[in-house]
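**Q** So the chains spell out like this:
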Amino acid sequence: MNARSLTEEIESHKSDNQPSQLSKSYKKYLIFTLDQLQYGFPLSKIKEVIGYNKITEVPQVPSFFKGIINLRGRIISIVDLRVKLGQKAREWEPKKTCIIITETDDLTIGAIVDTVDEVMGVNENEICDKLELSTNIDRSFITGVTNTGDDSVVLFLSLEKLFSRDELKILSSKN
Amino acid sequence: MSYKKNKSLKTKVLSGSFLTMIFLLGLGITAILALRSISNTNEWVNHTHEAIGQAIRVKEDAMNMETGMRGFLLSGKESFLEPYNQGLSDFSKAIKTLQSKVSDNPGQVEKMGEVEKIIKEWVSNVTEPAIELRRKIGDAPTMNDVALLVGKKEGKKYFDKFRSQIGRFIEVEEVLLRQREAEMQTSSDLDTIRKNAKWVIHTHNVIAEARGILNSAIDMETGLRGYLLAGQEEFLEPYRSGKNRFDTNLNKLQETVSDNPPQVRLLSQAQDTLSEWDSNVANKMISLRRSIGDAPTMDNMADLVAEARGKTYFDQFRTLIDEFIAAEEKLMTIRQSDAETTRMVSVWTIVVGILVSVCISLLYSLRLSSNLTGHIHKFLHDIRKNAEKLDDASHDLSENSRELSGYAAEQASSIEETSSSMEEVSGIVRNNAQLAKESSEQSYNVNRQMAELSEAMSKISDSNEQSDGLVDIINEIGAKTEVIDEIVFQTKLLSFNASVEAERAGEHGRGFAVVAQEVGNLAQMSGKAAMEIAGIVQNSTSKAGQIIKENSNRVTEGTRIVRDILTQSETVAQSSSKISEASNEQSRGISQIGIAIENINSATQKTASIAEDAASSSMTLNQQSSNLIRYVNEMHGYISGRVGSSSEQDEHLFRTENSEVTYLDERRRPQPTPSRMQARSETKHPPLRKATGTDDLSYHQEEGDEDKVWKEL
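Residue numbers (our numbering), protein chains in the order written: chain A, 1 to 175; chain B, 1 to 713.
Keep in mind that the hints were calculated from the coordinates and are not lab data. Do not take every clue at face value.
[Claimed, not checked] Partial list, computed: chain B residues near chain A (C-beta under 7 Å):
#1 TRP199
#2 LEU397
#3 ASP485
#4 GLU486
#5 PHE489
#6 ASN497
#7 SER499
#8 VAL500
#9 GLU503
Beta carbons: idealized from backbone N, C-alpha and C, even for Gly.
Isolated chain A (complex conformation):
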């Protein structure tokens, strides 16, 4: 795609998506993959996406807590979402494995994901927030599910709700 077409694209987007984007129900999400399942974070909560960085392990922490990194002078705690979501841990895969750095309130966490796929805009009505699942399991960290149209779904996660208070403390203290 050359520069001219890109310019045209941008213009079309400006004109086409104007009304929808402007509506309150339209939100952008960063879609990522964990063990062949796609998840999404609201783009507003994301500070940065980085590739591999040297992770310094921290002793006496839960297993999902991978360590800390130094990102341009800021110390950021890194968690392994796979482990946190009860999945099997995985070796670092170059050019695929990414760290998504989120910023919620004053808490900044880096989450290791398999791959970062895309930025997707989703309308509010397209998100189903009521899941017909067993109630005795805490699944408050899943804020909603949307259908991507090709027989697959994207789970929207909320990191504040994913970690407990203690966990958050640990994370924050680390920061």
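Starting from the known structure of chain A, arrange chain B on it as the hints suggest.
**A** Structure of chain B alone, referenced to chain A:
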């Protein structure tokens, strides 16, 4: 015989022969001596005969003279004097001859001297004056009648005829005598000599008797003439006695020469002539003279004659001659008896000597021959045995050489076949050599081509290595793709972060968000492309690696195969050259074999010719041995003294042996004709060796048969 046992056969035979020869020599000498003595005696007898004949001739001549003289006296014609003159000239010659003949006997010579003297005296005292007187008288008239009668020459005519007849007779007898004498000279046989001597004596006797007859006739004539002249009866005495003697002598002579009819005829003619003369002339004259009596005119003459002087002389002469002849005859009788005695003695000596020598020789020969023949028989027996063996051997040899000849011929044909086969083999070998050479060349070609192939293989190997380089390049591309991937990843991250920044910018960042999204899309597309490239690279790398590996393997394999082929082709080339060499060697060997076969061939041909020669030689040997057997048999027969019969017998033996041989030959013949077989069986019938009788029929048959067989052979 024991004292002779140690002497050699030669000595024995020679001694036997010498003994006989010595006897024969003695006999021969005796016979020669006897013959010489007989011959001498015969010569003497002849000599005596000749002397007697000569004496008779002397007498004849004398009487011729007398009768001639008396005829002249009577007739007065000169022609009557012819016998006188003839007698006169012959007389002295005859006397001389006789004297020389009896010169060995002086008494006789003396007697002859006396005779000559008497006749000379008679001639000078009686005849010459009488003839003179008669010539003077001429034709006296008183004696005319007598003279006329005598002058008619009738008596003379008769007497001439008679003389010639007797002379012819004597001539014939003399010729005979000469012939017989010559025969006697040449003959050596005692009996023939005796016979011839007899004949000679006989002829002498005949001649003497003939002369006696002539003398008698002349006596008659001269007596008659004397009577005619003298007229005295006593003058007729010779006439009468002559007539008596004539008849008796003639009859005797006719008997003596009765074996010779022409002579008998001649004698009878002479008798006829004389008897005619007697009746026609003499009797007439005598009667006339008696009637005349003592005529006056012829007185002188008659007186002269009557004086009987001539008669005295002549009687003396006659007595002397008769004495001489009687002496000679006596001598001859003695000599004849001598001759007979000598002959008898020699005959007896020869007969006895022959008998003695025959007896001694016979005895000696018997002992010698019995001694010799025993040994010789033994030798001959051995020789015959050996000869028979030789015969058998030569037959065998003949058979063998014939077989050998056949084998040689077979061999020759086999050799020729071999030779032709060898030529074929030689051709094959040459072909082989050619093929091997070609194959060698081809294998060299293959070698060269294989070397080229090997080079090509190494080139392929090189290019394979170059392909490795290609893979490296592809791998590099792959590596570069990873770089692109990295860039894509970073670009993606960058686009996300841009999106994040655009979100933060809110409304202002809306365009930026689009750019960020497009960048993200581009990055994604780049990533996808890079991933595809990576896949392709990987694929091509793996494929190239595989191909290279396969190529390498194939090249290695090919190289190995090429190397193998190279070694094999080298081996093939070597083998081919070896084959070629071997073929050449073989060819040489074959040519040598060919030469050898040629040699064998010539050798075989030589063998064949030698075999043929041997066959002919053995045939000759066979013949020779057969001959030897025959000779031995002949010798055996000869020694046994059965020359005729034994030779036939031995011939029979020889023939049968030969026919046996031919029978052997014949048995080989596939189909003998029946007649032949019959003949064979006939010939087989007589016993082989003990055949004593000579079977002429079978012998001839065999002979014919054998001739046939020999011809066939």
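**Q** Evaluate each hint against the coordinates.
**A** Structure-based check of each hint:
Hint on TRP199/B is violated. Least Cβ distance to chain A is approximately 191 Å, over the 7 Å limit. Among the interface hints, the one on LEU397/B is violated; its C-beta lies about 121 Å from the nearest C-beta in chain A, farther than the 7 Å criterion. With its C-beta approaching chain A no nearer than about 5 Å, ASP485/B sits inside the 7 Å limit, and its interface hint holds. Interface restraint check: GLU486/B against chain A, minimum CB-CB distance 6 Å, threshold 7 Å, status holds.
Taken as an interface hint, PHE489/B checks out: its beta carbon lies about 4 Å from the nearest beta carbon of chain A, inside 7 Å. A distance limit of 7 Å between C-beta atoms decides the matter here; for ASN497/B the minimum to chain A is near 6 Å, and the interface restraint holds. With its C-beta approaching chain A no nearer than about 4 Å, SER499/B sits inside the 7 Å limit, and its interface hint holds. The closest approach between the C-beta of VAL500/B and any C-beta of chain A is roughly 5 Å, which is under the 7 Å cut-off, so the hint is satisfied.
Interface restraint check for GLU503/B: the shortest CB-CB distance to chain A comes to about 5 Å, inside 7 Å, so the restraint holds.
Going through the hint list in order, the structure does not satisfy hints 1, 2.
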